[in-house]
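Trainee: As they're listed, the protein sequences go chains A and B.
The first sequence begins at 1 in the UniProt record's numbering and counts up one residue at a time.
The second sequence begins at 1 in the UniProt record's numbering and counts up one residue at a time.
Please note that the accuracy of each hint is not assured.
Derived DSS-like pairs: lysine-lysine, alpha-carbon spacing no greater than 30 Å straight-line [what the hints assert, rightly or not]:
#, chain 1, residue 1, chain 2, residue 2
1, A, 129, B, 110
2, A, 129, B, 103
3, A, 312, A, 282
These are calculated hints, taken from the structure and not from any lab test.
Residue-level listing of the chains:
2 protein chains.
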Amino acid sequence: MALIVHKYGGTSMGSVERIKNVARRVAKWHKAGHKMVVVPSAMSGETNRLLGLAREITANPDPRELDMIASTGEQVSVGLLAIALHAEGLEAVSYAGWQVPIKTDSAFTKARISDIDGTRVLADLDAGKVVVITGFQGVDPEGHIATLGRGGSDTSAVAIAAAMKADECLIYTDVDGVYTTDPRVVEEARRLDRVTFEEMLEMASLGSKVLQIRSVEFAGKYQVKTRVLSSLTDPMIPLETEMRSGTLITFEEDETMEKAVISGIAFQRDEARIAVMGVPDKPGIAYQILGPVADANIDIDMIIQNTSVDGKTDFTFTVGRGDYARAMEILTNQVKEHVKAEQVRGDPKVSKVSVVGVGMRSHVGIASTMFRTLAEEGINIQMISTSEIKISVLIDEKYTELAVRALHKVFELDRA
Amino acid sequence: MALIVHKYGGTSMGSVERIKNVARRVAKWHKAGHKMVVVPSAMSGETNRLLGLAREITANPDPRELDMIASTGEQVSVGLLAIALHAEGLEAVSYAGWQVPIKTDSAFTKARISDIDGTRVLADLDAGKVVVITGFQGVDPEGHIATLGRGGSDTSAVAIAAAMKADECLIYTDVDGVYTTDPRVVEEARRLDRVTFEEMLEMASLGSKVLQIRSVEFAGKYQVKTRVLSSLTDPMIPLETEMRSGTLITFEEDETMEKAVISGIAFQRDEARIAVMGVPDKPGIAYQILGPVADANIDIDMIIQNTSVDGKTDFTFTVGRGDYARAMEILTNQVKEHVKAEQVRGDPKVSKVSVVGVGMRSHVGIASTMFRTLAEEGINIQMISTSEIKISVLIDEKYTELAVRALHKVFELDRA
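Please work from the sequences and hints to get the whole structure.
Mentor: Shown next as C-alpha cells:
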C-alpha cells in the first residue's frame with residue numbers, strides 16, 4: 001500500500017463527464033489499496049474567464065484581489081471531484097489550500113510555497129478517505145489567499161507529495177509523457193521512459209511546456225518520484241499498465257541512461273536579442289545596463305559580454321519577444337547615454353535551440369557535433385550558452401524547425 | 001462619521017457594469033466620511049450554475065462539498081468589487097467568511113452564524129479601507145466552509161452590522177422597500193417608510209420575500225437599524241435623499257406608527273392542508289401524527305386540533321405544496337393505522353392570507369373586520385391562526401387576490 005498523489009490538468013477537469021472519468025481512475029487506484037491525494041486544476045477556461053472579469057473592470061487589477069478571484073476555479077473543481085468520488089462509492093473530502101494549510105509567501109499571483117502541514121490530510125488518509133486538494137494556491141502569513149502563477153497546480157502536487165512523503169506523484173496531462181523534442185516539429189520524436197530531474201529542469205527552462213519549472217525544482221529538492229502521463233487513456237486500463245506508462249523523472253542515472261548521451265532537443269521561439277555595443281568596460285557596467293531592465297520586471301535569459309577591445313566591450317542578452325519593445329525603449333532612452341554606449345541594436349526574431357542530457361558530462365564532442373551540424377545546414381549561431389548538461393544556441397527564428405530536426409537526427413534520438 | 005454596512009443582491013452584482021455602479025455608490029458614502037463595510041451576493045445566476053454542475057454529477061451531492069462549491073460565487077464577487085473600488089480611487093480589501101472569521105455551526109447548506117470576530121475588519125476600517133466581505137458563508141469549528149442557505153447574504157450583512165456595532169445596515173435590492181402588500185396583486189399597495197422589527201418578522205415568515213427571515217431575527221436580537229432600499233437608483237443621487245429612501249425597520253413604536261393599526265397584508269400561495277380525522281384523543285397523539293412528517297424533513301406550518309367529541313378529535317395542519325404528496329403518503333401508509341384514524345383528507349390548493357400590525361395589540365375588532373370582509377366576498381375560512389400582531393387565515397387558493405385586495409382596502413392601507 002503506497003501513498004500516491006495524482007494531479008489533473010484543466011482539460012482533464014473540463015466537463016462533468018471528464019470529472020467523472022477522473023473519479024473512476026482515482027477509485028481504481030484506491031481500490032488497489034493505495035492512499036490517494038488528488039490535486040485538480042480549475043476546469044479549462046475558468047481561470048481565464050475569472051481573470052477576464054477582473055480586467056474588464058480595470059486594466060491593472062490588484063494582485064491580492066486577483067488571487068481571491070482566480071483561486072475559486074480550483075475550489076469548484078475539488079468540490080465537484082469529491083462529489084464524483086462519493087458517486088464512485090468512496091469517502092472523499094476536499095480542501096482549499098488554506099484549509100490544509102499550504103503556506104506561501106505574499107507574492108500574490110506568483111507566490112512560492114514555504115511549508116505544508118500534512119497532519120490533517122494524513123488523518124483523513126488513515127481514515128480511508130481520498131483527499132482532494134486545490135492546486136495553484138495557498139495562504140500567506142497574514143491569512144490572504146495567494147496563487148502560484150500559471151501551471152502552479154503542478155508545483156502544488158509535487159510539493160504536497162514531498163510534504164506527505166508520497167511514494168509517487170503522477171502528473172496526468174494531455175500528452176503521454178516527455179518527448180525527445182516536440183512531436184509537432186519532428187515526426188520521429190520519441191517518448192522517454194525516464195528522464196533525470198536535472199534534464200527535466202533544463203527542458204522545462206528551455207521551453208518544453210510539459211511541467212511548470214518550479215514543480216521540477218520541488219521534485220529535485222525533495223526527491224519526489226514524479227511521473228508525467230496521459231489523462232486521455234481509458235480510466236479503467238489495468239493499473240499495472242498505467243503504473244509503467246508516461247515518463248518517470250528519476251534521481252539516479254541508471255545503466256540504461258548512461259547509454260543515452262543526449263535526452264532531448266528543447267527549443268524556445270519568441271525570443272529577442274539585444275546588444276549594447278561599444279560600452280566602456282569598467283566594474284558595475286553589467287548592473288548599470290541590466291538593472292533598469294530588471295526593474296521593469298523584464299526577465300533576462302542568456303547574457304554574453306565580449307572580451308573588451310581598447311577598453312570597450314559589447315554586451316548582448318535575450319528577453320522574451322513580448323518584452324522586446326519595452327526593453328529597447330528603456331535601453332535607448334535611459335541607459336545608452338548613462339553608460340556611454342555607442343549604440344543599442346536588437347533583433348526581435350530569434351529562437352533558442354538546446355541539446356540536453358546528463359550523458360554530456362562524460363562525453364566529449366557534443367558541442368562540436370552540434371555546431372558542425374548547424375553549420376552544414378547553413379545556420380548561423382548568434383549566441384552560445386552552456387551548462388553541465390545542456391548547450392543552447394541562439395539562431396534566426398526561421399531556422400528553428402530545421403535546426404531541431406537536424407540535431408534530433410544527428411544525436412540519434414529517433415532510436416530507442 | 002458613522003459605520004455603515006451595505007448589502008447588494010445578485011442582480012446588483014449581475015455584470016461588470018453593475019459592479020462598477022455599486023463601487024460608485026459605496027465611494028459616495030465613503031467620501032461623505034463614513035466607514036464602509038460591503039457584503040455582496042454572488043453574481044446573479046452564478047450560485048445556480050455552480051449547484052447545477054454538482055447536481056449533474058449526482059442527484060444528492062454531499063452538503064459539505066456543495067458549500068465548498070457554492071461559496072465561490074461570493075468570493076468572486078468580493079474580489080471584483082474590491083477591484084472596482086480601487087478603480088474609484090479607494091483603498092479596499094476583500095475577505096471570505098473564514099478570513100474575518102465569521103463562525104458558524106456545521107449544518108452545511110443551512111448553517112447558522114455563531115460568532116463574528118470584528119477585530120481585523122475594524123483595523124482595516126480605522127486605516128481608511130473599505131472592507132468587502134462575502135455574504136452567505138462562514139467557517140465551522142472544524143475549519144470547513146459552511147453556507148447559510150438561500151438569501152443568506154441578508155443575514156450575513158445584518159450579523160456583521162451587529163458584530164461591528166454598525167450605525168445602520170442598508171440592504172440594497174431590486175425593490176425599493178417593504179410594501180403594504182405585493183404591488184403585483186394590489187395596484188394601490190404603498191411603500192412603508194417604517195415597519196417594526198416584529199411586523200417585518202411576521203411579514204417575512206408569511207411569505208413576503210423582501211428579506212430572509214433569519215436576517216430579520218438577527219436585526220431584532222441585536223437591534224440593528226436596518227433599511228431596505230433600491231439598488232436601481234442612480235448611484236450618484238444625493239446621500240441625503242438615499243439615506244431617507246426605502247423602508248426602515250425600527251425597534252420602537254413611535255407616535256406615527258401607533259396610528260397605523262395594520263401595516264400590511266402578507267400572503268403565501270402554494271400551501272396545502274391535511275386533516276387526520278376521527279383520531280382517539282389521548283396524550284401524545286400530536287407527536288404520533290406529526291413526528292413521522294417532521295422526520296421526513298417536511299416543514300409544518302399552521303396546526304389545529306379540534307375539541308374532542310366522544311373521545312375523538314380532528315387534527316389539521318398545513319405543509320408546503322411541494323411536500324403535499326409525500327406527507328399524504330406518510331400519513332396514509334404509516335400513520336393512519338397506527339393512530340387508528342378514521343380518515344386522512346387533504347386539499348393541495350389553499351393559500352394563507354395574513355394581516356400584520358403592531359397596532360393590533362391596542363385595537364379590538366381587527367379579527368371581526370377581517371372575517372366580515374372575507375364573508376362579504378363569499379370567501380370561506382378554512383383555518384385561523386393568530387399571534388399578538390397578526391391574524392392568518394387559510395382560504396381556497398383561487399380567492400387569494402380577491403381576499404388580499406379586499407383586506408388592503410378595508411384596512412385603508414392605500415392611504416398614507
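Trainee: All hints, please: hold or fail.
Mentor: Now for the hints, and whether the structure bears them out:
no.: 1; hint: A:129 - B:110; verdict: 25 Å, holds
no.: 2; hint: A:129 - B:103; verdict: 26 Å, holds
no.: 3; hint: A:312 - A:282; verdict: 9 Å, holds
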